[in-house]
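Q: Each chain is listed here by its residues.
There are 4 protein chains.
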Amino acid sequence: MKKVGIIGGTGYTGGELARILCVHPDIEIKAMTSRQNAGKKVSDVQTYLKGYLDIEYTENISNAKDLDLVFVATPHGVAMKETPALVASGTKVIDMSGDYRLLDPAQYKKWYGHDHTDTENLKDSVYGLPEFFRPQIKKANVVANPGCYPTATILAVAPLLISKAVSTDIIVDAKSGTSGAGMVPSPRTHHPFCGETIIPYSVGTHRHTPEMEFVLGTVSKSETKILFTPHLLPVIRGILSTCYLTLIKDMTNDEIAKIYEKQYKNEPFVQFTDEPSIRAVVCSNHAQVNAKVFGNKVVAFGAIDNLVKGASGQAVQCANLMLGLKETAGLMTPGMGV
Amino acid sequence: MKKVGIIGGTGYTGGELARILCVHPDIEIKAMTSRQNAGKKVSDVQTYLKGYLDIEYTENISNAKDLDLVFVATPHGVAMKETPALVASGTKVIDMSGDYRLLDPAQYKKWYGHDHTDTENLKDSVYGLPEFFRPQIKKANVVANPGCYPTATILAVAPLLISKAVSTDIIVDAKSGTSGAGMVPSPRTHHPFCGETIIPYSVGTHRHTPEMEFVLGTVSKSETKILFTPHLLPVIRGILSTCYLTLIKDMTNDEIAKIYEKQYKNEPFVQFTDEPSIRAVVCSNHAQVNAKVFGNKVVAFGAIDNLVKGASGQAVQCANLMLGLKETAGLMTPGMGV
Amino acid sequence: MKKVGIIGGTGYTGGELARILCVHPDIEIKAMTSRQNAGKKVSDVQTYLKGYLDIEYTENISNAKDLDLVFVATPHGVAMKETPALVASGTKVIDMSGDYRLLDPAQYKKWYGHDHTDTENLKDSVYGLPEFFRPQIKKANVVANPGCYPTATILAVAPLLISKAVSTDIIVDAKSGTSGAGMVPSPRTHHPFCGETIIPYSVGTHRHTPEMEFVLGTVSKSETKILFTPHLLPVIRGILSTCYLTLIKDMTNDEIAKIYEKQYKNEPFVQFTDEPSIRAVVCSNHAQVNAKVFGNKVVAFGAIDNLVKGASGQAVQCANLMLGLKETAGLMTPGMGV
Amino acid sequence: MKKVGIIGGTGYTGGELARILCVHPDIEIKAMTSRQNAGKKVSDVQTYLKGYLDIEYTENISNAKDLDLVFVATPHGVAMKETPALVASGTKVIDMSGDYRLLDPAQYKKWYGHDHTDTENLKDSVYGLPEFFRPQIKKANVVANPGCYPTATILAVAPLLISKAVSTDIIVDAKSGTSGAGMVPSPRTHHPFCGETIIPYSVGTHRHTPEMEFVLGTVSKSETKILFTPHLLPVIRGILSTCYLTLIKDMTNDEIAKIYEKQYKNEPFVQFTDEPSIRAVVCSNHAQVNAKVFGNKVVAFGAIDNLVKGASGQAVQCANLMLGLKETAGLMTPGMGV
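First to last, the sequence lines map onto chains A, B, C and D.
If you read the first sequence in the numbering used here, its first letter stands for residue 1, the second for the next number, and so on.
If you read the second sequence in the numbering used here, its first letter stands for residue 1001, the second for the next number, and so on.
If you read the third sequence in the numbering used here, its first letter stands for residue 2001, the second for the next number, and so on.
If you read the fourth sequence in the numbering used here, its first letter stands for residue 3001, the second for the next number, and so on.
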């Protein structure tokens, strides 16, 4: 039984990690931190865990050296402070925030507004998208768990870019459930404001833009340019990413389908389906993708649960790889359907 | 043209007052206050008012003596500070908060947690439910605009209590849209928390309990006891109040219907309909009510838009009466239906 | 590995059975019927099952004698036609409809509008609520899986009735997600109609009324009378049942809590929690209940996922008992929380 | 007082016409047809109209020659049958369906699947978007009321196309509330299916594609090509159209803003605002639009209420023009805001 800790155990991604790991066959949660809830039983705060997890929140992780791996499920800026000591003590780290996603410290500063203080681990960190970085993740000490929008988008468009069927100029019109904004109340996620509408925000300025460009550039070995328009949906969980690409040679829908089938045929969590659906994947680690030709354009869709494949499920998938476990352990549950 | 001001013009009830009054044929908004937005054009903050209202928010109402009436659309505690000076300058006041609803200062302190500082105006204040206090409202200087839950509930059950058909022990199971919680974000109205569920809260302790008991006791001349369970709905606007009463004599549905028809036949805003519906009244000042017999029990329903008949529409209805205008002026729009 | 079939595999409860059973450690789905989808792969119709279930829909179950148990997940009227042959062939039956819930054929006719055609199995059928009928379920050939509203309500109020703390006259104000209405589109579940409102329906006439009265009467050994008001929520999954009971002796909240703790302390799926929440149990087989005293009344709450503990999860729990498996097998997943 | 009739008075656009016209100062509804509700009072079927409209549904419009104008609020195919007789009797017609939007009968047949049977009136029909066809509408006998998606989209992008700042190849990623699908229940608008997701549909094949291309081509005098991806939102009313265009010369946001201001400065119902919002325009005839530069691309937004500016409000605006009334009569109400 592998032993893990969670820094930031009160938030949505921390709670979702606990929801998945409390019934994981090979991983045990030994520590969860929470400043505001230290000393309380986790299952008294998150009542859905009652009967599944019998530990208390602590202020800090004091037993790091007994842990095989620590998840950092906090806003950005925390992981780069905690990681050096964890790595030094031989503990692997999966960071759910953006701290280790952009390998260039200058890029990090530009998009996150402050210096990166752990460039040592940054340079060796691995982007935790197993479908494209599986071998590297297995050997990594520090994994940068992908953002929710990038996961849905990269899975939807990477096969086309890798196949060189499309130009590298991409429009991404993405729609996310409100849980992606985290658990802290704000004007934008106040129900009377967001409840019967769809709200575009951070157009062209969202931090997931450079992340998508960097990762897609890496996997396709071509500089990629994204125009990214995120929208807030009146839905709790789920992302649909609608992507527009331009063909650089004539292709049929069948040829497109073959590209995806080749890419994903052995992937346990990615399905190329005719009509990708948030409801089909919600509460699961699955992604559904599709792409079809319209004239000289391709419209590609990616659908995930932003808290599972877009965050905590993907982190568990990475943890399985990093800890030498079966990649799908604890994650083989179908989406809700209804 | 009557001149009015709004203290607290940024919140939902203040904004809704502006939405109604900006097209009112006989009332003009001359001042709106907002601490956080003072100096800004109202229609730059509330963009739906663009082209309808061309004034700026101010810190305070400086021209009170030129105003015929002021609405106080703030949380409780403010109106009792502002009212004495307004009344002294000859300006009528409609308070949207709870400051003037409970005429007994001891009750006020018990439920609102602090002393009442304007007992002088409190004793003469009138409860602003025109269907039951029309003559008094016409002559009042200070009107306590009813709470949203009490409006839906009193309209639904008062005819039965007045007719002495039922005992005075009532169960009120009410469901409200999230706009009733106001514009300040909070954990309970955070979309991921309230978006796919219904949340009971403040059972037996909600401040609208004594308000309903006091007003129903007054109109029925019998001490009334309410067990009140409010629930938060994943809906923006609308209240449905489901009320359970016990018959003290046998009655048929037809006899019940006659009681309501007699009570409301001349009321422009209350309809006794077979299936009261939030959608039928939303965005309007109308209420729909119904009551039917089940054995020795009656189930009564009341449906309103909590921001209109449950707040700002009702306040305008009162203002019309207080200013000698036609009671329905500016309010004759049907509900949305869809 | 036990072998089961599902009659009615296209609907919501049939699909949910498949979602749970496709990862069940000891049960295997060998047949699913669907008139409209016969010949198609189940996972092509219900795409969330892709990779989990590799069978095709058939018109009928042809291999019944090889099956240990068949779930009938259809509207009422079907199970009583299919059950005699299944039972005769030695196959156990769990009926998800109302066919075997009311043991008195006259009651069945009154509420369901036609004669019962399998009174032979009806008289021996067992109500599938393990918390109250566990020993009987283990030995049953035919189990009537409880309705969704009755599950939430009985779990919430039975302990009080059994303890004789309350009178037997109960008001049940229940709120259900739309998936409870099944997969066939109708005016009431049309999104523009039900999407931003709460709709009371079938007040006093809902078929779950006699079911609750019969079962609560049985477990408490006292005739019970329910006034039942169901409401349709703009939510997909979840039921909250708010129940009003009258104390017949003074009791404190602590005494009430002890009654529930005694009743449920060994139950794996029922929790007595301070604030029962649909979100805490959704997508799980758990129920959360609570009860508190207000004067001479008790307000009791029950929260479940209507498709899991209110339908297919409960059916699997019963199947586990009937097949000699561990009662919790395949069902130990926490609710979603968010 | 002008006299009008509504063919198809039970559906959403018919009901919405009634909601607007019942308080219109210069137009009176004299007839509403409904096959299923003929003989019933309109306000008994649509209870929100109680007190506002005192007529009964009829099977057919029998008094056409006494009517100044008839709205045809039915699915396509009906208007082209009804219009010839109406026009012959001197009655003006506004068709809410697609029958008169595509002036080329061959295009009509291609997209609507059957021949056009009234090519006589088709050739003289006018597209009812007052912001671009005001003079023609004033003189028209037959107006084709625009589709909901085209209204939101054309208002959002036409100024850019007219100014020749952008190329004519446009991506339109639009999101619509469910009321756009009409009042007939269907699997796609069944709440459990569409309630917590966003559903792309009819990608590249939606009938509004040729309508947008034709109208934008006409106003910009350049052939325009649209890739149109509609999505169904879990929202009742409202459309947000997110449009992607390519600049053909460098432009600043200020220059873009000037183009829109010039185009719309005298328009009573179109506002160029920083953050177009469905909530700001819902239940009103207003549209909010915006456009900003991102590299060589422009992202333009258009937000409307699909039943008002996207259907019945726009039809009333056209009727006002056709009947010589003030264009804004009966339409000057602000959006709901909350």
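Rather than coming from a laboratory, the hints here were simulated on the basis of the structure.
Be a bit skeptical, because a hint or two may be false.
What the hints assert, rightly or not - Have a look at the derived ranges for each label pair, beta carbon to beta carbon: (1) 2257/C to 1084/B: 46 to 54 Å; (2) 2205/C to 3186/D: 43 to 51 Å; (3) 3106/D to 2038/C: 37 to 45 Å.
Glycine included, each C-beta is placed from N, C-alpha and C at the ideal position.
Q: Provide an ascending list of the numbers of those earlier hints which the structure does not satisfy.
A: 2
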